[in-house]
Amino acid sequence: MTTASDVRPVTAGSVLGPVRPSGGVWHRVVRDRQAWVGAGLLAGIVLWALVGPVLRPWDATHVDLTAFGQPPSARHWFGTNDIGQDLYQQVLVGLRKSLVVALVAAPVATALAAVVGAVAGLAGGWVDRALMAGVDLMLVVPSFYLLVLCSPALAKAGWPVLALVIAALTWMIMARVVRAQTRSLRDRGFVRAARFAGAPLGWVVVRHIWPNLASLLVADVTVGVGAAVLTEATMSYFGIGVRVPDVSLGTLLAAGGPAAATRPWLFVCPALVLVVAVCAVSLLGDALRDALDTGAGRG
Amino acid sequence: MLRYLARRAANMLLLALLATSGGYVLASAALDPLVRFRGSNPPVPDEQVRRALALTGTDPDTPLAGRLGSWLAGLARGSLGTSVDNRPVTSEIAERAGTSLQLLVLGTVLGVGLGVLVGIVGAVRQHRWFDRVTTQGSFVVLATPTFVVAVLLMVGATRLNDATGRQIIRFTGQYTPGHDGWAGLADRASHLLLPTVALTLGLVAVFSRYQRAALLDVLSTDLVRGARAMGHTQRSALVRHGVRVALVPMSTLAVYTGGMVLAGATITELTFSWHGMGEYLLLAARRGDVNAAAGTVACAAVLVLALGLVADLLHAWLDPRVRL
Numbered sequence: 001m002t003t004a005s006d007v008r009p010v011t012a013g014s015v016l017g018p019v020r021p022s023g024g025v026w027h028r029v030v031r032d033r034q035a036w037v038g039a040g041l042l043a044g045i046v047l048w049a050l051v052g053p054v055l056r057p058w059d060a061t062h063v064d065l066t067a068f069g070q071p072p073s074a075r076h077w078f079g080t081n082d083i084g085q086d087l088y089q090q091v092l093v094g095l096r097k098s099l100v101v102a103l104v105a106a107p108v109a110t111a112l113a114a115v116v117g118a119v120a121g122l123a124g125g126w127v128d129r130a131l132m133a134g135v136d137l138m139l140v141v142p143s144f145y146l147l148v149l150c151s152p153a154l155a156k157a158g159w160p161v162l163a164l165v166i167a168a169l170t171w172m173i174m175a176r177v178v179r180a181q182t183r184s185l186r187d188r189g190f191v192r193a194a195r196f197a198g199a200p201l202g203w204v205v206v207r208h209i210w211p212n213l214a215s216l217l218v219a220d221v222t223v224g225v226g227a228a229v230l231t232e233a234t235m236s237y238f239g240i241g242v243r244v245p246d247v248s249l250g251t252l253l254a255a256g257g258p259a260a261a262t263r264p265w266l267f268v269c270p271a272l273v274l275v276v277a278v279c280a281v282s283l284l285g286d287a288l289r290d291a292l293d294t295g296a297g298r299g
Numbered sequence: 001m002l003r004y005l006a007r008r009a010a011n012m013l014l015l016a017l018l019a020t021s022g023g024y025v026l027a028s029a030a031l032d033p034l035v036r037f038r039g040s041n042p043p044v045p046d047e048q049v050r051r052a053l054a055l056t057g058t059d060p061d062t063p064l065a066g067r068l069g070s071w072l073a074g075l076a077r078g079s080l081g082t083s084v085d086n087r088p089v090t091s092e093i094a095e096r097a098g099t100s101l102q103l104l105v106l107g108t109v110l111g112v113g114l115g116v117l118v119g120i121v122g123a124v125r126q127h128r129w130f131d132r133v134t135t136q137g138s139f140v141v142l143a144t145p146t147f148v149v150a151v152l153l154m155v156g157a158t159r160l161n162d163a164t165g166r167q168i169i170r171f172t173g174q175y176t177p178g179h180d181g182w183a184g185l186a187d188r189a190s191h192l193l194l195p196t197v198a199l200t201l202g203l204v205a206v207f208s209r210y211q212r213a214a215l216l217d218v219l220s221t222d223l224v225r226g227a228r229a230m231g232h233t234q235r236s237a238l239v240r241h242g243v244r245v246a247l248v249p250m251s252t253l254a255v256y257t258g259g260m261v262l263a264g265a266t267i268t269e270l271t272f273s274w275h276g277m278g279e280y281l282l283l284a285a286r287r288g289d290v291n292a293a294a295g296t297v298a299c300a301a302v303l304v305l306a307l308g309l310v311a312d313l314l315h316a317w318l319d320p321r322v323r324l
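Sequence lines, in order, name chains A and B. Numbering-wise (the numbering used here), the first sequence opens with residue 1 and increments by one. Numbering-wise (the numbering used here), the second sequence opens with residue 1 and increments by one.
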């Protein structure tokens, strides 16, 4: 099998040496314009998702009997659907649901990767081989296939379970990265000292490995939020993600898809909001990731 | 080299077997083979349900290990069992895989090839207009779900057809019924156009980013400068000592992106309502068809591993150290 250090061909930092102390990383992030743009955009979107509904007089289920399937106007900023519901309010409801699903899925996925990767890298031996074999096995079948396969069992479970399943199927590559980083930390003095002093494995992971990988993990959560939003939207579009009565950007896109040629706003509005949201998260995530690389500032 | 390949092949066979068995277990756990009998009025007699379940080997009263055993035994004989509509899964999948492979192969070759090319040009001419445009472009493409790109392409094609008053680009399904010979071939090509563009766009975005970063990594070392000092022209130094070295990490990356590429192709064909493997899996999930679902997952595993093997071969070809 391919060795662990091959997993991140792009980032020299992970292969060339130990992770920098996180103080330096945050310092670089703070000076990075891209990080600020991403963070600002993201803050704006979250704020809008929360206070946006107040800006219009009706709610997402209100039916306007004078406007069936109307294009965007001063009255209905994003237009209305076929039964006269205001798309602006619906997009806000969907955006909140999409963000919440992603904000549950991404940290859980990173946490899984952090636990599996650190334990495998530190323990070595058969524990390492077994865990990595499991990771390889899960990478053999595309997670989209596994998500489809699980979908009947998810039908009645609601969105929190959906978020957890998305997390359970998207942590594997990061686990390999964490393992590679852990192995490079394993031979450093402070880790060896702790282990020879008899500290249990879990203690070493929590006290020494994770703090040194903190910035990597934070970057992964950020990137993961964007990926989870895209996964959720794709699943919902094919009717196997978020389901009625819940509304997400994916279900709105599924509803608007067939009408995209005749009433484009039903598709384009939720699509634009989705793309802008994912762009904001990626800008921030990429900036965080670049700050970790020795070749920072290139990307 | 041969020993390396043999080891890889053995490893892959084991992974394929494990993934296939895992797929069957997961399908048995997640799907309910009784779903199609529920809510039928008048109710289907128990005897008949039992016989139908026995036919597909999905009787919940048989222990899972036994069901898996007989399914694997069937697999060894080259049979994936029968689906709920009583057709052999093997032939159904063979037909659908043919459909899916058209898009998968074309999209992968174009996507990876163009992606690498775009990445190289972007790295060599860093911060010039081409680099800026492709960087920003791939950023937006990566933030857009594949199905949104596909739907937008369909809307564009509809507009074009409406504007010209003729069906220039056809995009529903794989072909229009009733065309044979050259007309049929042209018709299929026309149907292939938009899905290929949708899939290629996403892959170019991914691979150009990686290739650009990998080449920049190489360019920051003295490899290319050294080659220049040895008397190579700039072009030959770049290609033989820059690009070739930068392709090595790309080929290892491809091992991990096989699944992503397949998922992208599946989502694309689903959006364009092709009768491919994705549709079969969705149908199987809806109908509680364990055999069809497990068969599709097995086929996907084989495809991903095959993509991984291609990447491995490329890797061994590019990097002499691997062959030892």
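Hints may be right or wrong, so weigh each one.
Derived coverage of chain A by chain B (criterion: at least 3 residues anywhere in the stretch with Cβ under 8 Å from a Cβ of chain B; other residues may be distant) [unchecked claim]:
hint, stretch
1, 138-148
2, 224-237
3, 254-267
Here are the in silico distance ranges between beta carbons for each label pair [to be verified]:
hint, chain 1, residue 1, chain 2, residue 2, range
4, B, Val140, A, Pro264, 14 to 22 Å
5, A, Val244, B, Val35, 16 to 24 Å
6, A, Val30, B, Trp129, 29 to 37 Å
7, B, Ala76, A, Gly40, 44 to 52 Å
8, B, Thr221, A, Arg31, 24 to 32 Å
9, B, Gly181, A, Gly40, 27 to 35 Å
10, A, Ala43, B, Leu106, 39 to 47 Å
11, B, Arg125, A, Ser73, 41 to 49 Å
12, B, Trp129, A, Arg33, 14 to 22 Å
Far from chain B by the CB rule (all over 10 Å, computed), these chain A residues [claimed, not checked]:
hint, residue
13, Trp26
14, Val30
15, Leu50
16, Ala111
17, Arg129
18, Ala130
19, Ser184
20, Arg186
21, Arg188
22, Ala271
23, Cys279
It should be emphasised that the hints constitute simulated quantities derived from the structure, not laboratory data. Where a beta carbon is used, it is the ideal one built from N, C-alpha and C, also for glycine.
Point to revise | In rising order, the numbers of the hints this structure does not comply with | key: 7, 9, 22, 23
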